[in-house]
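Participant: The listed protein sequences correspond, in order, to chains A and B. Last residue of the first sequence? That's 248 in the working numbering, and every number before it is there in order. Last residue of the second sequence? That's 219 in the working numbering, and every number before it is there in order.
Worth flagging that the hints you see were computed from the coordinates, not collected in a lab. Where is the CB? At the ideal position from N, CA and C, for every residue including glycine. Incorrect hints may have been included.
[To be verified] According to the in silico footprint, chain B covers these stretches of chain A (three or more CB under 8 angstroms from chain B):
#	segment
1	44-50
2	59-65
3	140-152
4	207-221
[Stated by the list, open to error] Okay, the calculated beta carbon distance ranges per label pair:
#	chain 1	residue 1	chain 2	residue 2	range
5	A	Glu193	B	Lys68	37 to 45 angstroms
6	A	Ala157	B	Arg155	41 to 49 angstroms
7	B	Lys68	A	Asn156	43 to 51 angstroms
8	A	Asp30	B	Asp98	29 to 37 angstroms
9	A	Asn152	B	Ser170	14 to 22 angstroms
[Claimed, not checked] In silico lysine-lysine, DSBU-like type, Cα no more than 35 angstroms apart, as pairs:
#	chain 1	residue 1	chain 2	residue 2
10	A	Lys45	B	Lys186
11	A	Lys44	B	Lys69
12	A	Lys237	A	Lys177
13	B	Lys50	A	Lys65
14	B	Lys214	A	Lys219
Read off the chains here:
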Amino acid sequence: MKNFDLIDRYFDSSLTPKEQLLFNDLLQNDLDFKNEFVFRKDLKKVIAVNQQEVLKSTLGQFEEKIQQSSKFMILPKKWFVAASIILVASLGAYSIKSIYYPSNQAVFETFYQPCRNTIQPTVRGDNPNTIEYRAFVAYEAHNYHKAINLFNSVKNADEAYINFYKGLSYLELDKIKEAIEILLPIAKANGLEGKSANFNDKAAWYLALAYLKNNDKEKSKSELSLITQKPKGTYKKEEAQELLGHLK
Amino acid sequence: MYHKFVPVIGYGNIRSGSELILKIFLLTLPIMNNQDPKKTIELLKQGDKKTLEKIYMENREGFINFSKKYNIEEYDAVDIYQDSILVLRENAINGKIDDLQSNLSTYLFAIGKYKIFHNFRVQSKFDFESDFDLVEENLDFDVNLYESNLTKEQRFLKKYYHELGDRCKSVLDLFYYQGYNLDEIKDILNYSNKKVLKSQKSRCIKQLKNLLNKHYEKF
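Can you make the complete structure from the sequences, with help from the hints?
Facilitator: Here it is, written out as structure tokens:
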């Protein structure tokens, strides 16, 4: 029994050369010793596997946290610091650049923000696991190829709000022509109801941005001026005014 | 070499014309925020959840953005990222990064890049080479310790290990996984003396063997 200590000393690498010789000898000639060694070696491995699994599931929890709350909310403080520095710095950079005629692309970058999913809260718990739900999960995860495929397979694929997010997914993927094709009819549609209400204002704003990204300044301007003529409180009306100022 | 690790700190998606100036500027941030790496590595060994979460959160986005350059889907990128953290901890526990010269994020990224390169057969080894030196020197990739790799005996052992009490599991984990010696465990778990701890450890092993004996003749 005393000799079994050697096994543990072997694991924490504290055998003296003399003990190492004894250890080797016992391992070859003493069956009990050998069995005990195999057992403890197995135990060591099993504990390691177990610890890996525990860690993996902890990491899974972190990941879930990220998926659950909006990404913005869980960022560590220093990211807010970083974000505000980026903001200040890019505003600074922007004003310097704007002296030298900013490219349409640069203006687009300044005004474009991905539209948040306001339709399907993708929160764990009440998980309906419908195609639509999965489409919005993919959209939120910036997995736009997948989102487009799923939006195409939903039952009500013709609804404006579905098309809207599909259009935005194309915009994110830099497939601007497709985005415009989809967003244009929504922006021009009348009397959208239910879940699709309000989406023509949103579509109009993103359509203007899509034109801009496509270097079609004139169309972008005419779309923006339509937005500025809408009643106060219209989606992105003020930004439209501002952007129009930059484009003139 | 540092300029390569901009994504480490998660600013890889800046879309501004003055990207370069910004990036250089932002590189100073993590330096400001750096805590003692030795302390972090020690906490990592102990499996401190806060430390793990901090490491996980700080590097995740940067890594996913980096993976996008190689057309790796976010889902796969997260998988590789998590495996890299497993390798990181394993190497911390085995004392391989006790004398790490670069920062931990850099090292974690190097592991991830190595995995991308090997798993996805990315063509341009060029991007990776300088990191591989760092990795190969200090890295044990034999940490594929998933259940599927266990023998039948080991799977039984794992099953009955779960039936042990928490006290036993703590002692055995600290000794056989985290590599602490009995003197250190005595302090960590507040045992009055080493002898008590030693007989506790023997009892735990005996208990495990008894559980196994009931179901498995070999032991």
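Participant: Go check the segment 140-152 of chain A versus chain B for me, would you? Three or more residues, Cβ under 8 angstroms, otherwise it fails.
Facilitator: holds (count 3)
Participant: Do three or more residues of the segment 44-50 of chain A come closer than 8 angstroms to chain B, measuring C-beta to C-beta?
Facilitator: It holds, with 7 qualifying residues against the three required.
Participant: Has the given pair, A:Lys45 with B:Lys186, been kept, meaning a C-alpha gap of at most 35 angstroms?
Facilitator: Since the Cα atoms of A:Lys45 and B:Lys186 sit roughly 23 angstroms apart, the hinted pair holds (cutoff 35 angstroms).
Participant: Straight-line Cα separation of A:Lys44 and B:Lys69 no greater than 35 angstroms?
Facilitator: The hint is violated at about 39 angstroms.
Participant: Given that the segment 59-65 of chain A was listed as covered by chain B, double-check it with a C-beta distance under 8 angstroms for 3 or more residues.
Facilitator: Since 4 is at least three, the answer is holds.
Participant: Is B:Lys50 within 35 angstroms of A:Lys65, Cα to Cα?
Facilitator: The hint holds at about 14 angstroms.
Participant: Determine whether the Cβ-Cβ distance between A:Asp30 and B:Asp98 falls within the hinted range of 29 to 37 angstroms.
Facilitator: Holds: the Cβ-Cβ distance is about 35 angstroms, inside 29 to 37 angstroms.
Participant: Using the beta carbons of A:Ala157 and B:Arg155, state whether their distance is inside 41 to 49 angstroms or not.
Facilitator: Since the Cβ atoms of A:Ala157 and B:Arg155 sit about 48 angstroms apart, the hinted range of 41 to 49 angstroms holds.
Participant: CA of B:Lys214 to CA of A:Lys219, is that 35 angstroms or under?
Facilitator: Between B:Lys214 and A:Lys219 the Cα gap is close to 80 angstroms, so the pair fails against 35 angstroms, i.e. violated.
Participant: A:Asn152 and B:Ser170, beta-carbon distance inside 14 to 22 angstroms?
Facilitator: violated, 53 angstroms
Participant: Look at the Cβ atoms of B:Lys68 and A:Asn156 and judge whether their distance stays inside 43 to 51 angstroms.
Facilitator: Since the Cβ atoms of B:Lys68 and A:Asn156 sit about 31 angstroms apart, the hinted range of 43 to 51 angstroms is violated.
Participant: Are A:Lys237 and A:Lys177 close enough, with their CA atoms no more than 35 angstroms apart?
Facilitator: holds, 24 angstroms
When each numbered hint is compared with the structure, violations occur for hints 4, 7, 9, 11 and 14.
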